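Student: If you want the building blocks of each chain, they are given just below.
2 protein chains.
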Amino acid sequence: MAEKWLVGVDLGGTTTKLAFINMYGEIQHKWEIPTDNSNDGKNITINIAKTIDQKLEELGQEKTKLAGIGMGAPGPVNYATGVIYNAVNLGWPDNYPLKDLLEVETNLPALIDNDANCAAIGEMWKGAGNGAKDLVCVTLGTGVGGGVIANGNIVQGVSGAAGEIGHITSIPEGGAPCNCGKTGCLETIASATGIVRIAMEELKKEDAAGELKDIFAANDLVSAKNVFDAARNGDALALLVLEKVSLHLGLALANIANTLNPEKIVLGGGVSKAGNVLLDQVKINFDKFAFPRVKKSTTLALATLGNDAGVIGAAWLIKNKSSIQ
Amino acid sequence: MAEKWLVGVDLGGTTTKLAFINMYGEIQHKWEIPTDNSNDGKNITINIAKTIDQKLEELGQEKTKLAGIGMGAPGPVNYATGVIYNAVNLGWPDNYPLKDLLEVETNLPALIDNDANCAAIGEMWKGAGNGAKDLVCVTLGTGVGGGVIANGNIVQGVSGAAGEIGHITSIPEGGAPCNCGKTGCLETIASATGIVRIAMEELKKEDAAGELKDIFAANDLVSAKNVFDAARNGDALALLVLEKVSLHLGLALANIANTLNPEKIVLGGGVSKAGNVLLDQVKINFDKFAFPRVKKSTTLALATLGNDAGVIGAAWLIKNKSSIQ
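Heads up: the protein sequence lines correspond to chains A and B, in order.
Everything in the first sequence is counted per the working numbering, starting at 1077 for the first residue and increasing by one.
Everything in the second sequence is counted per the working numbering, starting at 1077 for the first residue and increasing by one.
In short, the hints are calculated from the structure, not lab data.
A quick note: this is a predicted structure, and the numbers were derived from the prediction, not measured.
Certain hints may be false.
[What the hints assert, rightly or not] So the derived label-pair ranges between C-beta atoms look like this:
#1 B/Trp1107 x A/Lys1209: 35 to 43 Å
#2 B/Asp1170 x A/Glu1079: 45 to 53 Å
#3 B/Asp1356 x A/Lys1364: 30 to 38 Å
#4 B/Ala1284 x A/Ser1299: 47 to 55 Å
#5 A/Lys1209 x B/Gly1257: 23 to 31 Å
#6 A/Lys1118 x B/Thr1157: 22 to 30 Å
#7 B/Asn1309 x A/Lys1301: 35 to 43 Å
#8 A/Glu1079 x B/Asn1255: 20 to 28 Å
#9 A/Gly1382 x B/Asn1119: 52 to 60 Å
#10 A/Leu1378 x B/Leu1297: 46 to 54 Å
#11 B/Leu1316 x A/Asn1123: 32 to 40 Å
Think of the CB as a built atom: it goes at the ideal place given N, C-alpha and C, for glycine as much as any other residue.
Can you build the whole structure from these sequences, using the hints too?
Tutor: Right under this line is the structure:
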């Protein structure tokens, strides 16, 4: 078993990332293909099977080299059955039997989990989690996703909706509307989209001035990156936006930690690339809202695997299954 | 093994509850003794050993009838070592080796967990949880405690502080001071003490009137039970207090559910005896703040074991250990 490879797949709406990974979590080969959503999404599993066979041929390897295929999918998953309850953007009907289809197409044992859960596992195994058995991973991207690991296992929840950290209600009254139908969700504040929204509110005020305002005046738009860059330069308006975002993110993470007391909370996704200008401010608020014993023992850290977290975590599903068989 | 008894102990600051429980979770005998905190708490484990021996003699049973002793203790516990990090009111020094002392005194294998965790396990095994593998139990008493079960196991957290649900920050700015040193904790709102505090704020207003106000005028104090009784009778002031409490409790529970998507959230403790007048109002707020998929699958329920939850859950620690050995 030790010399076999795991296949890790991170399925996204536009791109499918794949990797051959050894039993020690080291990526041997990685590549990506476009995700083809046409034909009710039926091509997705076929294309994955084809690209794996092609890659094996390129490398002069047999199919027997592969121990199995783990996949992170963008939607709530029934881990036991490998059914994806619903996935937007992929063309699939509800309750799509993804594991079964992947197994018949690839002739490999398959396991499916939610993509945010796979990222959390990846960070636990090879990233900032450093093997921590109690870990929460929060992905700050266009939206806000999350994965919760307790006692070394992903928490799926009764209907696969555990880890919906982006939909923690942070502003109970009068918050911005969220795609989920609620208002005031963390995602409306701490995602790239949310940060830009809050910045725009400030930029539209009459007395708005400074670096970020100049960027806005020149381009008629700003990005989350612009906000963090300006904050790093001491721009008052950008710092105000950063404070608002960090307050709500620090509060939500502290309350998660008060409930779970994880060893680490890992921040990943595009927004987390802001680095310490964000992390330091979030920590200040986390410390304010965390129970004293939790504050002392739960640490916040930036993700270290970047885009590889998903494929590494997906591969772990097979490694973990193999080790208990 | 099937005919053996488990000893369940629920250690409180003033009373120690004990029970002999069979392998099916049925209480065979239960009794209680006062908790003797003198002598730096050294008498506690001695008295437990003595009362168990006396009870066996009363019943004409041998020590070999007992499979082991599980105990819930009021403080953060290292489950693996059975050390209680710190316990107020018991007289013990920090990092007290409770499991080891209990084992030498009783000559029985012992396991220790936090008392709120034991209550959660009790409700999972024999109470409102009905065997749910993903369960959160919230105890609303003088304070607010909690236990989190994920994938069938208690979540301890890295320093035993998981389940500190009472210290979720619900009012980020300007909340009431909490015993933990923070402000605005859920415990300052949804505990019996918190409910009375909020009621007093309303009762001191000039225009206060109605049933609850009359009770206050007659006794110069009100209880949480008075508030719920008056709310049940439609008293406007009491309903206002109930709304405030339910808003924050519903919000906190929804955010826990957005993170963990448990099958059930069970409300126990003295305050939960208010029953549906509280539960219905909490549900309204829970539904408002829960992610749609979570709202559909996570249900709120009242605890059913009352004061027996702790001893039953403590006994389960031994049953569970026995079954995996």
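Student: Would you mind marking each hint as holding or not holding in the structure?
Tutor: Here is how each hint holds up against the structure:
About 38 Å separates the C-beta atoms of B/Trp1107 and A/Lys1209, a value consistent with the hinted range of 35 to 43 Å. The given range of 45 to 53 Å is respected by B/Asp1170 and A/Glu1079, whose C-beta atoms sit roughly 50 Å from each other. Against the hinted window of 30 to 38 Å, the Cβ-Cβ separation of B/Asp1356 and A/Lys1364 comes to about 34 Å, which satisfies the hint. A C-beta distance of roughly 52 Å is found between B/Ala1284 and A/Ser1299, which places it inside the suggested range of 47 to 55 Å.
At about 28 Å, the CB distance of A/Lys1209 to B/Gly1257 agrees with the hint of 23 to 31 Å. At about 54 Å, the CB distance of A/Lys1118 to B/Thr1157 disagrees with the hint of 22 to 30 Å. For B/Asn1309 and A/Lys1301, the hinted distance range of 35 to 43 Å is not satisfied, since their beta carbons lie about 58 Å from each other. At about 57 Å, the CB distance of A/Glu1079 to B/Asn1255 disagrees with the hint of 20 to 28 Å.
Remark: the range hint 52 to 60 Å for A/Gly1382 to B/Asn1119 is upheld by a beta-carbon distance near 57 Å. At about 51 Å, the beta-carbon gap between A/Leu1378 and B/Leu1297 stays in the expected band of 46 to 54 Å. Range check, B/Leu1316 to A/Asn1123: about 60 Å between beta-carbon atoms, so the 32 to 40 Å window is missed.
In this structure, the earlier hints numbered 6, 7, 8, 11 are contradicted, and the remaining ones agree with it.
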